[in-house]
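Visitor: Next come the chains, spelled out residue by residue.
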Amino acid sequence: DAGITQSPRHKVTETGTPVTLRCHQTENHRYMYWYRQDPGHGLRLIHYSYGVKDTDKGEVSDGYSVSRSKTEDFLLTLESATSSQTSVYFCAIRALTGTSGYEQYFGPGTRLTVT
Amino acid sequence: AQSVTQLDSHVSVSEGTPVLLRCNYSSSYSPSLFWYVQHPNKGLQLLLKYTSAATLVKGINGFEAEFKKSETSFHLTKPSAHMSDAAEYFCVVSDGGSSNTGKLIFGQGTTLQVKP
Numbered sequence: 001d002a003g004i005t006q007s008p009r010h011k012v013t014e015t016g017t018p019v020t021l022r023c024h025q026t027e028n029h030r031y032m033y034w035y036r037q038d039p040g041h042g043l044r045l046i047h048y049s050y051g052v053k054d055t056d057k058g059e060v061s062d063g064y065s066v067s068r069s070k071t072e073d074f075l076l077t078l079e080s081a082t083s084s085q086t087s088v089y090f091c092a093i094r095a096l097t098g099t100s101g102y103e104q105y106f107g108p109g110t111r112l113t114v115t
Numbered sequence: 116a117q118s119v120t121q122l123d124s125h126v127s128v129s130e131g132t133p134v135l136l137r138c139n140y141s142s143s144y145s146p147s148l149f150w151y152v153q154h155p156n157k158g159l160q161l162l163l164k165y166t167s168a169a170t171l172v173k174g175i176n177g178f179e180a181e182f183k184k185s186e187t188s189f190h191l192t193k194p195s196a197h198m199s200d201a202a203e204y205f206c207v208v209s210d211g212g213s214s215n216t217g218k219l220i221f222g223q224g225t226t227l228q229v230k231p
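Line order of the protein sequences matches chains A and B.
Note that my numbering numbers the first sequence so that position 54 is 54, with each residue one more than the last.
Counting the second sequence from 1 gives a position; my numbering is that position plus 115.
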């Protein structure tokens, strides 16, 4: 599982409330990613980080912010949750695998429901 | 810009028969391509990847995929389906070129149903 944990694993929240999801890794990987998964869309990149305090937007970043104050933690914040942000959120890390380049490994996911 | 199209949203096979999941890609660079599998209510697991070495790539659980540049395809196959193969499969391309941020672009997914 590449030492990736996500918390919480399930959350129900009300429209307009702030929500923070946490991704924690134990193997000192530089790159970390947040994706959301919705039926018919596969996974779509929200934000990613290429080091402490270094982040950039992905394909669907509106309504989300991220922070990375230390290597092991990558936080995803919904400033004011909306029903359209009901989804399953996956964190991933990028690992160098011998001579065959990079691979991404995913956390177990967080199921977020916004009512 | 990179993109991926999975040509079938749902594939149904009988146990013991071959599996073919189709994927076409578009990329400005020599792409890195992946297949991931997701079993119900589970996370994603890497099945195999292509990174410009051999065009026929072997993965876990008997799956393989062939990179065909002329057809811009990366179809996933398995000679004989097993009940445990029932899952959702994603074809994925990674950004490349000078940025190399590792951002992944996912296809929409193909649900594989295996009938006894």
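Note that these hints are calculated values from the structure, not bench results.
There could be a bad hint or two in this list.
Taking lysine to aspartate or glutamate pairs in the EDC-like style, the calculated list, with each CA pair at most 20 Å apart, reads [claimed, not checked]: (1) B:K173 with A:E103; (2) B:K183 with B:D200; (3) B:K157 with A:E14; (4) B:K230 with B:D123; (5) B:K157 with A:D38; (6) A:K53 with A:E27.
Visitor: Now tell me if each hint is right for this structure.
Guide: Here is what the structure says about each hint:
1. B:K173 with A:E103: Holds, at about 15 Å.
2. B:K183 with B:D200: violated, 24 Å
3. B:K157 with A:E14: violated, 25 Å
4. B:K230 with B:D123: Since the Cα atoms of B:K230 and B:D123 sit roughly 17 Å apart, the hinted pair holds (cutoff 20 Å).
5. B:K157 with A:D38: Judged against 20 Å, a Cα distance of about 14 Å means the pair holds.
6. A:K53 with A:E27: holds, 18 Å
The structure is inconsistent with the numbered hints 2, 3, although it conforms to all the rest.
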